[in-house]
Amino acid sequence: MVSLPPMNRIIITLVALALLSACTTKDERRASVKRPIIDLKLKTTPVKDQGRSSLCWVFGMLATIETEHLMQGDSVNLSVAYVARMALRQRMQDAYLSRGTRPQHLRGMASNALALIAQHGLLAYDTYHVENNSIFASLVNKTYNLCRVTMAHREGLARLHERFNDLMDNAIGSLPKTQYLYGAGYTFGEFGRSVCRKDEYVALTSFTHHPFNSAFVLEVNDNVNRDYFYNLPIDTLVAITERSLKAGHPVCWEGDTSEEGFDFVEGYARLPLHSTAPTQEMRQMAFETLRTTDDHCMAIVGLAHDSQGKRYFIMKNSWGTDNAFKGFMFMSIDYFKLKTIALWAQQDCV
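Throughout the sequence shown, residue numbering follows our numbering, covering 25 to 374 in sequence.
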């Protein structure tokens, strides 16, 4: 047994007390939160945890697709790891062909996830997944290093892809040759098309520096593919979201989570008390003055209200289940109006 000097024992005791106090405070915050009255909640797969990865755009879009199929009676749980692998491969190749001028990263929007599914297909979660999604943060740097080595030797794409497959197979597992589900075999493309049809989802936004009822390339950094978004008034986006949910269809949301009112622990995203009701002009000004930022992506899976009649959308997050509502959040309609960057909704609901 090792005996610690008195000062060391004091330091350890103080650290332990600080940690206990932090845990207690977090537990108390969770326990004190009031749950709104749930008006409607769609079926979902279990909440996942993206860890330190920047893959919310994959988690949010796949969660939306999963709920869409669950509401149709079709049990589907989809592989984030496969979509992330394809994204890394594509961006590594782009970096190589641009002689390293394009940065390697894994940020994106839900439109990128849909494009990757259309191009590379999809796998089920049980077929291909990792236990800790934080691994993708380190794989970004490792794949860029592969790109640099292959560029230095001018070895071409075939050698680059060979190195990439070796890295990914060792880090997160090799890919199967076939996707099996309920005893039937599918190619990756067949499975992808079975869960997400081409043009099934339409990308929507709401800003006045472009005319309404027209499409434009949304000017945010994570729109890496320069995808077009159809521009509608924000009240119309609220109506589309409510109509979709009432018809049993989830909606994918992307927007600003850097506000003080976005509190994952308590499970709420809401504006400060007594805030002015957001207008189209207010959200435009917040965007133009860089106070509304493109931070995060989640699935909208329900409707709720509180005792004062304030309405909320129920959000399925991808930050694990350590909050007041087991990973779900309640976003006020006012927060949605002010801080939404983009939506992806079923074509039939728009």
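Some hints could be false.
[Stated by the list, open to error] The following label-pair restraints were derived from C-beta to C-beta distances:
| hint | residue 1 | residue 2 | range |
| --- | --- | --- | --- |
| 1 | A161 | D193 | 14 to 22 Å |
| 2 | E214 | H185 | 18 to 26 Å |
| 3 | S282 | R178 | 40 to 48 Å |
| 4 | N249 | D319 | 40 to 48 Å |
| 5 | N249 | Q371 | 42 to 50 Å |
Because the hints were derived from the structure by calculation, they are not lab data.
Each residue gets a CB set at the ideal place from its N, CA and C atoms; glycine is no exception.
*In rising order, the numbers of the hints this structure does not comply with*: Violated hints: 4 and 5; rest satisfied.
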